[in-house]
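First to last, the protein sequences are chains Z and E. My numbering applies: residue 811 is where the first sequence begins, and numbers increase by one. My numbering applies: residue 550 is where the second sequence begins, and numbers increase by one.
Treat the hints with care, since some could be wrong.
[Claimed, not checked] Simulated pairs of lysine to any residue, SDA-like, Cα-Cα distance not exceeding 20 Å:
(1) Z:Lys1053 with E:Ala695
(2) Z:Lys1053 with E:Glu690
(3) Z:Lys1053 with E:Ser687
(4) Z:Lys1053 with E:Val696
(5) Z:Lys1053 with E:Ile798
(6) Z:Lys1053 with E:Ile681
(7) Z:Lys1053 with E:Lys763
(8) E:Lys763 with E:Tyr659
(9) Z:Lys1053 with E:Gly793
(10) Z:Lys1053 with E:Leu685
[Claimed, not checked] Chain E regions said to be covered by chain Z (calculated; three or more residues, Cβ under 8 Å):
(11) 667-674
(12) 857-866
[Unchecked claim] Computed footprint of chain Z on chain E, listed as stretches where at least three residues anywhere in the stretch have a Cβ under 8 Å from a Cβ of chain Z:
(13) 682-688
(14) 846-853
By construction, these hints were calculated from the structure, which means they are not laboratory data. All of these numbers come straight from a predicted model, not from anything done at the bench. Each residue gets a CB set at the ideal place from its N, CA and C atoms; glycine is no exception.
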Amino acid sequence: MAVGLTLIFGVMRVVNFAHGDMMVWGMYLAFVLATRAGLDPYLAFPVCAVALFALGVVVQRGLVDPIIEAPHEMQILLMLGVALVLENTALLIFGPEPARVRSPLARLAWEVGPLYVDVARLVTFAVAVVLTLALSLFLHRTDLGRLIRASADNHYGALVIGADVRRIYATAFGIGAACVGAAGALVSPILPFQPPTGLSLSVTSFNIVIIGGMGSLVGAFIGGLLVSVAESLGAVFLRPSLKELFSFSLLIVILLFRPAGLFGKRTP
Amino acid sequence: MRRGRGEPSEGSPTQKMWAAALAVAVLLALPAVLSGYAVTIFILIFFYAFLAQAWNVVGGYAGQLSAGHAAFVGIGGYTAALLFERGVTPWIGMFAGGALAAVLGAIIGYLGFRFGLRGFYFVLLTVAFAEICRILASNVEAVGGAVGLYITFTGNPRQFQFQDQRAYYYIALALMLLATGVTALIERRRFGIYLTAIREDETACEALGVDVLKYKLLAMIVSSFLAGLGGTFYAFQNFSLQPGAVFGIPLSVEIVIRPIIGGAGTLLGPILGSFILTPLGEVSRSYFGQSGLHGAHLIVYGVLLVAVVLFLPQGAYPYLRKLLSRRNIA
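Chain Z with its partners taken away, still in its complex shape (with noise of 0.2 Å):
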């Protein structure tokens, strides 16, 4: 999921406080697939994706392309209003209960000597791999990569070799877009969720992302990997209930030493 957002803010420097939400929904989506046509959520996600590329695709285009020269401040707050429509246009449609998708998948477990290994989320993980190394080869290794990479780096610089960049920015918003929505679909039958939880999940991939380093993949799976972590070991040693007094105690130490993260390498 932090993936997703990294390519959107390494790429535009566009902070987009929709992030959570549109998670949220690539979840609904799930579930309104799994409860009306039987589709299992890791056969769906794929179509959550492509539903939630358009999504990004039209935010994009619509919304945030006609302020891309703004001050970053209008961004985020541009994004904000976004936020609230789409987390309370869930809220309207799909009620304040809530939901979870089920998966025959979601009751398994392997017992691996002392271990149990809970198949649900071994085959999340796997995905977010395979995921995360197909993005890092598509940005590295394809045209259009490079070009999304070359736009990020410099805007101008892009245009007078003739890319088209408001295109490239629309591919790469809906890429991003396309990583929540398959990662909500993914982790539906693992979590719980609610209209609300998007505001959650969009500050907890903050946090990842600042963590782990603006605009650097790796950073962002790492920095995935790091806050959850401390969260459950917080959650072990202290109560549940303080897990997060972790991860945002962490964030305010990086971002005041470390505000490039532990892999990025611009400073902002």
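Fit chain E to the given chain Z structure using the hints.
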């Protein structure tokens, strides 16, 4: 940032004084003719305008986008409520709460400004601090834990409690006027000019020898002190404090969105924003809430926010003023 460049406004100072005096007189007289429900709405309008004005000092004039102002409201409210339990009247607790909020503001501001966090990074820092406050408040049993604090109703004006909602109306009005007065004072002095200059070009200010850190910090302290005062009002008007409600991100959003829509960095923008958004929010909340559709007012907020950013990036107040002056010339 980009808004309210302090262009000379129309009308002579005396004219403006008369207009302001007239507006205040109307607001003072209003409760006599208003229904109970309308009084409640006006209390919210004034209260949110007050918080928005407090935010405006650091967010609008100095251009430092804080998304964690709920933390100051929460600290202020909790301080006053806890002191009240130990027999200290909220009239004193209010200022203690403001002072503690200012201390927190100073800490956040010092860390953020000293380490040069700008834009999005500053937003995140403020959010992180507010969230930490929320998590602590909901986990420490001594301050009520997740249940929060409840204040026993005594109805004694000396304890900031009133039988009559109209008393809250006048206090909220006074708070709004206080914050606006403070802001007007800041705007006229060199301090305000420095803040606007920092917003427009921080590097240039530093090059000219302006102590940027000091002025940004001062703005943060004034802003968080005012927001802390608001916490007491919140606590003693609602007779309860819940960690999620006073420290949560939704309250911070309520505080930020009003000055942005009304016009950040202008004296009347936050008030206008509150006069637009609060009734809209309350009416749609109760209208749609009755039919079980929660969150409709937030969709309205979201759409308005997107529209303002796209079409009126300076906010509604500067736009209105431009419209009026154009008509005067024609």
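Each hint tested on the structure:
1. Proposed proximity of Lys1053 of chain Z and Ala695 of chain E is supported: the alpha carbons are some 15 Å apart, at most 20 Å.
2. About 17 Å separates the Cα atoms of Lys1053 of chain Z and Glu690 of chain E, which keeps this hinted pair within 20 Å; it holds.
3. Proposed proximity of Lys1053 of chain Z and Ser687 of chain E is supported: the alpha carbons are some 12 Å apart, at most 20 Å.
4. For the hint linking Lys1053 of chain Z to Val696 of chain E, the alpha-carbon distance of about 19 Å falls within 20 Å, and the restraint holds.
5. For the suggested pair Lys1053 of chain Z and Ile798 of chain E, the alpha carbons sit about 18 Å apart, so the restraint of at most 20 Å is met.
6. Under the criterion of a C-alpha separation no larger than 20 Å, the hint pairing Lys1053 of chain Z with Ile681 of chain E is consistent with the structure, at around 11 Å.
7. At most 20 Å may separate the alpha-carbon atoms for a hinted pair to count; Lys1053 of chain Z and Lys763 of chain E exceed this at roughly 35 Å.
8. Taking the CA atoms of Lys763 of chain E and Tyr659 of chain E, the gap is near 9 Å; set against the 20 Å cutoff, the hint holds.
9. For the suggested pair Lys1053 of chain Z and Gly793 of chain E, the alpha carbons sit about 16 Å apart, so the restraint of at most 20 Å is met.
10. Distance check on the hinted pair: Lys1053 of chain Z and Leu685 of chain E sit about 11 Å apart at the alpha-carbon level, within 20 Å; holds.
11. Proximity of the segment 667-674 of chain E to chain Z, defined as three or more residues with a beta carbon under 8 Å from a beta carbon of that chain, is established by the 7 residues found.
12. A count of 3 residues in the segment 857-866 of chain E with a Cβ less than 8 Å from any Cβ of chain Z is obtained; the coverage claim is therefore met, three being the minimum.
13. Figure legend: the segment 682-688 of chain E, annotated as covered by chain Z; annotation consistent (4 residues with Cβ-Cβ distances under 8 Å, at least 3 required).
14. A stretch counts as covered by a chain when three or more of its residues have a beta carbon under 8 Å from one of that chain; for the segment 846-853 of chain E and chain Z the count is 6, and the coverage holds.
Hint 7 alone, counting from the list given before, is not met by this structure.
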